[in-house]
Structure formats: C-alpha cells, structure tokens
Amino acid sequence: MSFLSLSKVSKSFGGRPVVDAVSLEVGRGEFFALLGPSGCGKTTLLRMIAGFETPDGGTIAIDGEVMNQVPPHLRPTNMVFQSYAIFPHLNVFDNIAYGLRKRKLPRDALRAKVQAMLATVRLEGLGSRGADQLSGGQRQRVALARALVREPKLLLLDEPLGALDKRLREAMQIELRAIQRQVGITFLLVTHDQEEALSLSDRVAVMDHGTILQVATPRSLYERPNCREVANFIGESNFFHATLRRIEGDAATVNAGLLGIITLPAANLAPGIKVDDHILLAIRPEHVRFAETGIAGAITAATFLGERNHFQVRLAGRSDPVAVSAADAPSGPAVHLLFPPERLIGLPFAS
Amino acid sequence: MKSRTLFLYALAYLAFLYGPVLVLPVFSFNNSEFIAFPLSGFTIRWYQGLWADEAMSHALGNSLKVGLATALLSTALGLATARAVTRHRLKGASAALGFISLPLFIPDIVLALSLMLLLGLLSLPLSLAAVVLGHLLICIPFAVTVLIARFEGFDRNLEEASADLGEDPWMTFWRVTFPLMLPGIIASLLLTFITSFDEFLLAFFLSGTEATLPVYIWGQLRFPERLPMVLALGALILAASIALVILAEYVRNLGVRKSMVGA
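Just so you know, the protein sequences line up as chains H and D, in that order.
Residue numbers for the first sequence follow the numbering used here, so the first one is 1 and each next one is one higher.
Residue numbers for the second sequence follow the numbering used here, so the first one is 1001 and each next one is one higher.
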C-alpha cells in the first residue's frame, strides 16, 4: 500500500511546466530520494507536498488523504529547509519546541520531549545556545530536530546536506540514515548529489525537465538505467550506437559497429526496445577491461585517483574517448579494450 | 596641499549646512528680545516662558496626536504593503510601488491645495484628522521603503518554517514576522513621526482652527517680542528630532546585523 501518492501532479509558473504530470508512489517508512540536476522540478514537487505551492493539476495524497486543499500548517508533514531556516530570535530549545505550542504539553513533558530530541540529534546541553552561535552542522541538526519532534507522518528534506563541507556531509549521511531507522518515519529527500541519494535511500526517483525518468533502488539504477540521461547522471557511462538485430530466448544480438556483432543477455535491454531499433549500448568505466586482444586504442590521458586509475582511451573511428577505470596501469599507451557483453546495457536511442 | 584645500572645503561646507541651525540654540539663550550680535548675556527665561504658554502646549499636544496617529497608521499600512510586495508574486507590484511613492515628488503646496479643495467638495471640515490623512500620503512611502528593506533582509523560509511547524498565518505573523521585523517597525514609527511632526504646509492648509506646532510657530512670527521664545521652541524640537533620527538609525542597524546572522 502506498503511503505518499502523487497522481499526474503538474505545476508551471507561467510558461513551461516545472513539474509535468508526475506520478509517484512512496511506501510507509521508506527513505525515498528525488534526484535530479538543479531546475529539474524536484524542489517544486517537494514544496507542493509540503503545501507551499499549489499544483495546477493532479492530486497529492498522504496516508490516503488528499492534501491539495490542506494549508501547510495542517499537513502531517515537516520539512528541513535547504537554508535550515533556524529562527534567529530563538535559542536552540525554543526552536525545537516551536512546533509543540499547540500540543499544550505540561512544562515537564515539553522539556523531556525536547531534551530527548536534542539527544537524538546529539546536541545535548546546547539547548540555551543562540541561533547565531551554531556551526553549519549544528544548524542542520536543529532543523532536523525541530521537524522530527512533531512526529510527522512524512519528513521532507530539501538538499539537507548541501551547505556542509565534504567530511561533515559524509558523517551526517550515516547519521541521517541511522536516525531514519530509529524513528521509522517516511523520509523524502531532494538532492542533486547522486552519491547522497544512492547511499541514503531505499529507492530513488531520477527527475529531469519536470518529469520522472526512472524509479528504482540505488543498485538497479546504477546497474540497469533505463535511459541515457539516467546512465549519465548516475555515475559515468560510455555510449556506443548500435542496432538490435534479433532476440532468441535470453540472448539479444546487436550490431554495435566499432565493437562488432555482440550477443548480450536480453535482460540487459531497457523495456520497450524492439528488433531493428537504433539503440545505445552503455558500459561503466570500471567494466571496460584492458586485455591482450580486443579493440585497439591509445591512452590519451591518465588520472591517478588512489585505489583506481582513470584513463581516457581513444579508439580509431570514434570521436569521444572511452573512459576506463582500472586498478592497474597498462605498461604503454597502446592498449586493447574488452567490453564484456554481460556488462553492456541496451538503452533506447532518443534523437 | 591638495588635501588641505579639500579639508577647508569640507569645513566650509559643514559650516554652511549647520551654521544656520546653530543660530537657533544660540539666540534662544540670549538675554535680549532682538536677534542681533553681540550677544547680551545668558538666560533661560525664553524656555520658562514656553512652559507657561498654554496655546503652545495645546499646539504641541495637537502635533503629538497627529504624529502618533500618522506614525501608527502609516507603519501598519506600510507593513501590509511591504509584506505583500516581498512575499507574494504580484502582478504590477513595481507599478504599485511607484504610485505609492509618487506623493513624495508632487510639490507639497499642490498636494495641500488639492486635499483642501477635495475636503471642501466633500463638505468635510478642516481638522486634525484631515492633517493625518495628508501626512499619511507623504509618510507611507517612507514606511514602505524602510519595511521592504527589512523584509528582504530576512529569509522567507522562516515564515514557511513556522507554517510547516503548525502555526497558521496569524500566529506566524506574531511569533516570527513581528519579532524579526521589530527593528524595522520601530525605525518606521520614528521616521514617520518625525516627518509628520515637522511638516508645515499640509498642516497649515488642512488643520483649520486646530494649529499644530509648526503652524503655531509660524503664527507667532507676527509678534517680534515672542521671537526668542519661538527660537527656544525651535531649539527643543531640533534636539528632539536629532535624538529620534539617531535612535531610528541605531535601531535599524542593530536589526540588520542580527538578521544577517539569522539568514
């Protein structure tokens, strides 16, 4: 049963739609990410779920209740803003207690609740700190605590780690995931950082130009992207033009020009591809191998990245260099490349 | 050499600006009815005379009433305008702002005459209320300008966060918007009060029989023997105005610094 249900939700601010007939189902207790480049409509979608923007069309339902007409202050959602939006005139305790006024808790119960939340986000003893005396990471925790203390059905996070430096961001990713498991609330994360989306979420929706391209688990997004945009946005891919010749049982045969005639598992083809279709074969840099025989090429650039090396290999008859990621460096610039067929993914070619 | 010339120029410029103003306090303590050098001794009898002047107290009372009403009304209206312009996507917002500030560019004498004629056409009496209406025209632009700057200084996400945390728009205003806008609101109150308190032309045309302080002072100029007392009054107003403007700027800057941290 789906918990958050979006059906054909659209929004434009005059001109091109920012969100274009998006439908999406998120399960209860899921950690779900909306991933896409800036301007893809993901934040607008989040703001519609929170109630700050009104959809032009479609319905938004949370836990079976249609939310379209419900103002933000009556929705069972809470949001962690990208800017954190910590109230500058209140201290940490009052910021966290802000959303509890209507609950009319006795003073002791209120204190206990806020203290418990301070402990959850590891800010014990900072209750009386002023908002202007907090570091970036602490502000992020206060924003999280302020939202979680209301025990929302759905927590919305708008680029929550974007303002933090790399090390802090990585530490907070682990912590955020742990907190989500602990509280068991459905989290909906918006981010343009693919690493963040992949490492945090149970499932990810990749968005571009106001539409959802693919919804899948991080692993299958990486291993089975359904289009060129997803393959490009999640990690790096090499693309080869090809034509699907025939499908026999589990085997699909393609004419991949430069790479020759290749037989790959039919399961590697994205849905909707038919025989004689012009397709793109995608392969990850780490799946391309250096070998004794294979397609001849020349290394034009090499980058040392610690555990792995990254190479640009130029092939005869191809303008884009092939990206290869390998643990060992070949001895000279002249190399042969092997493209394991089981690692090639067939994607529709959209002209 | 060049910097020395510039320094002298600056001094001359300041003297030109503030010299005339200093005449007021100087002669207000001069022990003579005639405004002429040399000074003939120190006295505070003009100030004492002010104290005893009931017509003056009445005019002062009128000015305070008009100033307070103008300050409160123009700040309240300015707050609504500034919020609408900065927080909502409004069609024609910049045109509306242009029209709001237009009265600042219309000569006061034209404004005063047209308002007086309008009141006549509507068979409404000239009164302090009419003065307040006139002052609103020239004070609202100040209030809107000060308050828009303040609204732009704080993250609109703060108001959204409040809504998100369960507060309706009314409570959001009182728990977030108002406290964060307070320095701007105080600055606006002070500025509009000063503007109204000092204003002469509109008050002269619209006040009817109830003189405000500037109108009263103008009336006193017919009596040469009362001139030193007017100077004493002017000196007091000058001191109060300077104090209020400094206070307004201080409060405004205080707020700006705080909101920068919060944003």
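Note that these hints are calculated values from the structure, not bench results.
Given the structure is predicted, the values throughout are model-derived calculations rather than measurements.
Every residue, glycine too, gets a C-beta built ideally from N, C-alpha and C.
Hints should not be assumed to be uniformly reliable.
[To be verified] Chain D is faced by these chain H residues, among others (derived, beta-carbon under 8 Å): (1) F52; (2) F81; (3) H89; (4) G260.
- Can you list which hints this structure breaks, lowest number first? Checked against the structure, the only hint that fails is number 4, while the rest are satisfied.
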